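Asks: Below are the chains, spelled out letter by letter.
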Amino acid sequence: MSAQTQTTTTVAQTAQNERATIVVENFSKSYGTHRVVDALTFQVQPGEVFALLGPNGAGKTTTVETLEGYRAPDTGTIRVLGLDPIKQAEALKPRIGVMLQQDGLYPALTAREVLRLFAGYYTQPQDVDALLERVGLTDAAKTRCRRLSGGQKRRLALAVALIGNPELVFLDEPTAGMDPQARQTTWEIVRELKRNGVTILLTTHLMDEAERLADRVAIIDHGQLIALDTPANLTSGQNANVVRFVAPEGLDCRQLTALPSVQKAEEVRAGSYVLETDDIPALLVELTTWLRDQAIPLSELRVGHGSLEDLFLRLTGSEVRD
Amino acid sequence: MATQTSLTTESTPRQNTPASAGRQILKQTQFELLLTSRRGENVLVTLIIPVMLLIFFASLNIIPVKQGGSAATFLLPGILAIAIMAAGMVNLGIATAYERYYGVLKRLGSSPLSRSRLIIAKIISILVLEVVQVALLIGVAIAFYGWRPVGSLPLALLALALGTVTFSALGLAMAGALRAEMTLAGANALFLVFILLGGGILPLEHLPAPIAAVAQLLPASALTQALQQTMTAGGTLPVYPLVLLAVWAVVILLVAMRTFKWE
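Same order as they appear, the protein sequences are chains S and A. Letter by letter, the first sequence follows residues 1 to 322 of the UniProt record's numbering. Letter by letter, the second sequence follows residues 1 to 263 of the UniProt record's numbering.
Keep in mind the hints are simulated off the structure, nothing from the lab. Values in this document were obtained by computation on a predicted structure and should not be read as measured data. Do not rely on the hints blindly, as some may be mistaken.
Claimed, not checked - The list that follows gives simulated cross-link-like pairs (lysine-lysine, DSS-like), each with its CA atoms no further than 27 Å apart:
no.: 1; chain 1: S; residue 1: K142; chain 2: A; residue 2: K106
no.: 2; chain 1: A; residue 1: K27; chain 2: S; residue 2: K87
no.: 3; chain 1: A; residue 1: K27; chain 2: A; residue 2: K122
no.: 4; chain 1: A; residue 1: K27; chain 2: A; residue 2: K261
no.: 5; chain 1: A; residue 1: K122; chain 2: A; residue 2: K106
no.: 6; chain 1: S; residue 1: K142; chain 2: A; residue 2: K261
no.: 7; chain 1: S; residue 1: K87; chain 2: A; residue 2: K106
no.: 8; chain 1: A; residue 1: K106; chain 2: A; residue 2: K261
no.: 9; chain 1: A; residue 1: K122; chain 2: S; residue 2: K87
no.: 10; chain 1: A; residue 1: K261; chain 2: S; residue 2: K87
I would like the entire structure built from these sequences, with the hints used as guidance.
Replies: Have a look at this one:
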């Protein structure tokens, strides 16, 4: 790269940083000797739905909570809506909506009372009853929070995040503990917020959530960014057909690769194998024959296209679900 | 599940300006008081127990009564001290510990309500609770035991204010440093110790000398003695108890500020 292009890139980068809703540059954070976030860099643009995806302990929550102003970065730069989340907290907090992993609801207040309390912190909050209806809690409006189900608490925490008309919403595992219907409602709400120009940063361990909602997905593991792109681009390198199967761990992948229709074989985690092929029927015959001849039991077999989940497993080598 | 209620409409620009500090504090205070009234065990320990202690011991003939005085004259200062301990240490301490446990304090941390405003709201709600406690206890003393106000009102209010700071800080110090269950147990245990060793019901001179010597140094006896000395006819300025109480207030407040964790 010539010096000139280098300069141009830097200028363009700076311009992009200036209008970005979230700027994370070279952010590191350690607890004791354990480095939780390691030189993380990314930007979230206005109106974008941005997903942080990673296995348990990857540093997602530490990153989100640093953006929310709960902790200070050891090194690096953090800007949220152009502000420093700690030094300019008072200016930032009214403009963001936060849904933490722990709901943080007063057990002795009813759902409506919690929203009325938080509504009182703003001059023009959302209408409490309309918001309760939007998250499907109208029938539970008079129920004390201690008696709400896990999914209902989650939806109330979402409503609390939205009560002040935030420009930017942080959702830390928003649908954890929700039933499929509530999850669907939450997804609709996220899409609606996006249509209204709200920027959203969410963390999730659900592949389909990231794939369906996010404009861009950042995959992080051990505190490092290992992939960042649109879901489509992330999975486009994954167009090969894949066969996944579960069998005893430690099978010889060289032997599997040697099967005529197998292009690639990998044990993505103990006992869980992914094979890539152009010809699935042929591969199935070869695979099952090979297993039978060696008297290897087969406990699960799935056929499909490469997904974000496959990519994720390959990149992180670990189970997605927390 | 839900009809389509638009979260915002494009025609009306989004408004997310925070309410003024005064309005936020007012709203928070209103809910702090609502929460206080909903905690049945708190109503018991802050209102019912002090009143029952007053009625029970004033009705027994075991309290030493000076000439011309009534049992209530001796008891009321000590029972007021117990009420202040209940409001600050037991009520505020345990409630705050559970708010930390449930992540409420953490969630409030990213809302527009700043920590200082939250603390101001909590202080106001404790003061409101104390006004109710004092009115109730004095009302009972006047109505049933012929108690008449004597002594210095400003000094009594000073003692009550110092006591409020000391015991509220003690409650918050436990809530911010210990697990919720430990705060629950610790605040109740300490409350019992303070009732027994505070000198408000059992005069300290009736205790064995070594125990009495230790009890003399406790914040409970400092508050009790400060109130006893100001709430008697021709009482003296309670210099020693007020100074001791002030020292406790500063020490406990510093400990609370150093050890308090919001998450």
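Asks: Assess, step by step, whether the Cα of K122 of chain A is no farther than 27 Å from the Cα of K106 of chain A, and give holds or violated.
Replies: Holds, at roughly 16 Å.
Asks: Sort out whether K122 of chain A lies within 27 Å of K27 of chain A, counting only the CA atoms.
Replies: Satisfied, since the Cα-Cα distance of roughly 11 Å is no more than 27 Å.
Asks: Compare the distance between the alpha carbons of K142 of chain S and K106 of chain A with 27 Å, and conclude whether the hinted pair is satisfied.
Replies: Measuring from Cα to Cα gives roughly 24 Å; hence the hint holds.
Asks: For a C-alpha distance cap of 27 Å, please report whether K122 of chain A and K87 of chain S respect it.
Replies: 25 Å, holds
Asks: Between K27 of chain A and K261 of chain A, is the straight-line Cα distance small enough, at 27 Å or below?
Replies: 24 Å, holds
Asks: Does K261 of chain A pair with K87 of chain S here, judged by a C-alpha cut-off of 27 Å?
Replies: 19 Å, holds
Asks: Given the hint that K27 of chain A pairs with K87 of chain S, test it: the Cα-Cα distance must not exceed 27 Å.
Replies: 26 Å, holds
Asks: Checking one constraint from the list: CA of K87 of chain S to CA of K106 of chain A, max 27 Å. Satisfied?
Replies: 18 Å, holds
Asks: Would you check the hint for K142 of chain S and K261 of chain A, treating anything up to 27 Å between C-alpha atoms as holding?
Replies: 32 Å, violated
Asks: Starting from K106 of chain A, check that the Cα of K261 of chain A is at most 27 Å away, please.
Replies: Holds. K106 of chain A to K261 of chain A sits at ~10 Å (cutoff 27 Å).
Consistency note: the structure conflicts with earlier hint 6 alone.
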